[in-house]
Amino acid sequence: MNFIYHRSILSLLSISFFLALWYGLALYLNAETLPTPLTVAKVLITEIQSGQLSHHLRKTLYRLSISFGIAMLLGCAIGILLGRHPKLDTFFDNWLVIFLNIPALVTIILCYVWFGLTETAAILAVVINKLPNVIVTIREGTRALDTELLDMAKCYRFSKSKTLRHVIWPQLHPFVMAATRSGLALIWKIVLVVEMLGRSDGMGYQLHLFFQLFDVASILAYTIAFVTLIQGIELLILKPLDKHAQRWRR
Amino acid sequence: MNNLTINITDKSYINPTDKTSKRVIKDLQLNLVNNEFVCLVGSSGCGKTTLLNILAGLDAKFSGNISLGKSQKAPKVGYVFQNPRLLPWRTVQENIELASETKIETLDFLLESMGLATEKNTFPAHLSLGMSRRVSIIRAFAMDPDLLLMDEPFVSLDPPTARQAQQLLIDLWSKRPHKVLFVTHDLREAITLADRLIFLNSNPMSVISEITVSIPRNERLEEAKIEQFRQQLFIDYPEITALL
Chain A
1 MNFIYHRSIL SLLSISFFLA LWYGLALYLN AETLPTPLTV AKVLITEIQS GQLSHHLRKT
61 LYRLSISFGI AMLLGCAIGI LLGRHPKLDT FFDNWLVIFL NIPALVTIIL CYVWFGLTET
121 AAILAVVINK LPNVIVTIRE GTRALDTELL DMAKCYRFSK SKTLRHVIWP QLHPFVMAAT
181 RSGLALIWKI VLVVEMLGRS DGMGYQLHLF FQLFDVASIL AYTIAFVTLI QGIELLILKP
241 LDKHAQRWRR
Chain B
251 MNNLTINITD KSYINPTDKT SKRVIKDLQL NLVNNEFVCL VGSSGCGKTT LLNILAGLDA
311 KFSGNISLGK SQKAPKVGYV FQNPRLLPWR TVQENIELAS ETKIETLDFL LESMGLATEK
371 NTFPAHLSLG MSRRVSIIRA FAMDPDLLLM DEPFVSLDPP TARQAQQLLI DLWSKRPHKV
431 LFVTHDLREA ITLADRLIFL NSNPMSVISE ITVSIPRNER LEEAKIEQFR QQLFIDYPEI
491 TALL
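Chains as they are written, first to last, in the numbering used here: chain A, 1 to 250; chain B, 251 to 494.
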């Protein structure tokens, strides 16, 4: 209890210190390019009240969740397949290396060129960027599966779905969580670029607009909103999921 | 009653580095009748685990055949591995229920007879090795197998715990008899548990002698009787001395 108390005090202190530092620096520089936290807060409130922020945030969140969902689902399926079948793995390994090394910007541009400036092209571009990472992580996890437990499942005649759910999936869980965390961090950055290049709404579009207007306060306000949202996902969804799945550990 | 007939003409491993083939089992014939408890005794590395894996259907790369009397379908095989191989992320009860659709009364009865009634909802990480082994024995019994394979399930337990586990196993087996193939290299353990002992030679594996244990089951708690039988074995069958 005491420990938790100390921790929350400490993190409160650290955030206050960060804000104070920012405030001091802004006052000292007194420049258009670094507004004070107070100015940014005011902009944030106006944007929230006008509904602008939530509109664009929702658009971005929508693209984020769709592309994230597709990338994770496909990535897990392909990753497990490659991890379980060495021949397939050898065949597709080069493809993976190629896709891993194509710059995100290239995929985005090509998707827009080939499929037009559409929502599908935008989501496809994000998925293609994220997919190889998920596949590689899950493939490593599948290769590390405990063969003794798989033999046990075979001997006791577990069905395929039972084996997947009770033997394979719990072992892959840490790898899936790793792919989720790194994926979320990667995807939202790519989504912004995708929106900046070819969409007329979303955070990326707005940031681009503010950049052209040189409106740093708005850029910071949107950034704060976005970071808070991502932290919220981590705290409210990922952490509890993790805790539930890890309850069997000593 | 179905009899189990094992007839393995050849089982070889190929060394992946130099591609040489090593024969582990050659012309091995074993028969199990009724609900017999048979102990396989042999030095370590003689291929006992390989034999059990073949019987469990985990290793299909061998020549020969295994049949369980007239029954057409593949026999149900319960396997108690050397490591308990419980799913760490499932509770004791879930581990047992996943392996067989056990009725809850049966499950309670089995847990009770193995002294684990209070551990139903415990995760395996919180069990001692002895307890985990008992859970894996329950898992095997719960599926009501045609054949029960046990691969040194009590190795590395301290002697009192091992004795207790042996006793629990025999109690349970007397209540729910099955054909059992029990691998061990502890002759005392084998004499305590088995109806029949089969001594195995290595490189390649073959049967040296088959001996029926004549001590009545209710007298096997007396260590002097076991010891006496053991000493007599060495005199009557000098060829087994080298194995132990």
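Be aware that a few hints might be false.
Label pairs and their calculated CB-CB ranges [to be verified]:
| # | chain 1 | residue 1 | chain 2 | residue 2 | range |
| --- | --- | --- | --- | --- | --- |
| 1 | B | 310 | A | 146 | 30 to 40 Å |
| 2 | B | 265 | A | 143 | 18 to 28 Å |
| 3 | A | 143 | B | 408 | 30 to 40 Å |
| 4 | B | 314 | A | 234 | 56 to 66 Å |
| 5 | B | 351 | A | 95 | 40 to 50 Å |
| 6 | A | 86 | B | 405 | 25 to 35 Å |
With a straight-line cut-off of 30 Å between C-alpha atoms, the simulated DSS-like cross-links for lysine-lysine are [to be verified]:
| # | chain 1 | residue 1 | chain 2 | residue 2 |
| --- | --- | --- | --- | --- |
| 7 | B | 353 | A | 162 |
| 8 | A | 239 | B | 370 |
| 9 | B | 269 | A | 160 |
| 10 | B | 311 | B | 370 |
These are calculated hints, taken from the structure and not from any lab test.
Don't be surprised by glycine CBs; every beta carbon is placed ideally from N, CA and C.
Fill in: Beta-carbon spacing of residue 265 of chain B to residue 143 of chain A - inside the hinted bounds 18 to 28 Å or not
Between residue 265 of chain B and residue 143 of chain A, where Cβ atoms are some 23 Å apart, the hint holds.
Discussion item. Run the distance test for residue 269 of chain B versus residue 160 of chain A: straight-line Cα separation, threshold 30 Å.
Written reply: 33 Å, violated
Worksheet entry | Range hint 40 to 50 Å (beta carbons of residue 351 of chain B and residue 95 of chain A) holds or violated | 43 Å, holds
Worksheet item: Does the Cβ-Cβ separation between residue 310 of chain B and residue 146 of chain A fall within 30 to 40 Å?
Response: 21 Å Cβ-Cβ, so the 30 to 40 Å window is violated.
Worksheet item: Is the hinted range of 56 to 66 Å satisfied by the C-beta distance from residue 314 of chain B to residue 234 of chain A?
Response: 57 Å, holds
Fill in: Given hint residue 370 of chain B paired with residue 239 of chain A - CA-CA distance at most 30 Å
With Cα atoms ~28 Å apart, residue 239 of chain A and residue 370 of chain B stay inside 30 Å; holds.
Item to complete: Take the C-beta atom of residue 86 of chain A and the C-beta atom of residue 405 of chain B, compute their distance, and say whether it sits inside 25 to 35 Å.
Response: Holds, at about 33 Å.
Worksheet item: Lying within 30 to 40 Å: is that true of the beta-carbon distance residue 143 of chain A to residue 408 of chain B?
Response: Hint holds: Cβ distance 37 Å, inside 30 to 40 Å.
Practice prompt. Mind checking the alpha carbons of residue 311 of chain B and residue 370 of chain B for me, to see if they're no more than 30 Å apart?
Written response: 38 Å, violated
Item to complete: Verify the proposed pairing of residue 353 of chain B with residue 162 of chain A, using a straight-line Cα cut of 30 Å.
Response: Between residue 353 of chain B and residue 162 of chain A the Cα gap is close to 19 Å, so the pair holds against 30 Å.
The structure is inconsistent with the numbered hints 1, 9, 10, although it conforms to all the rest.
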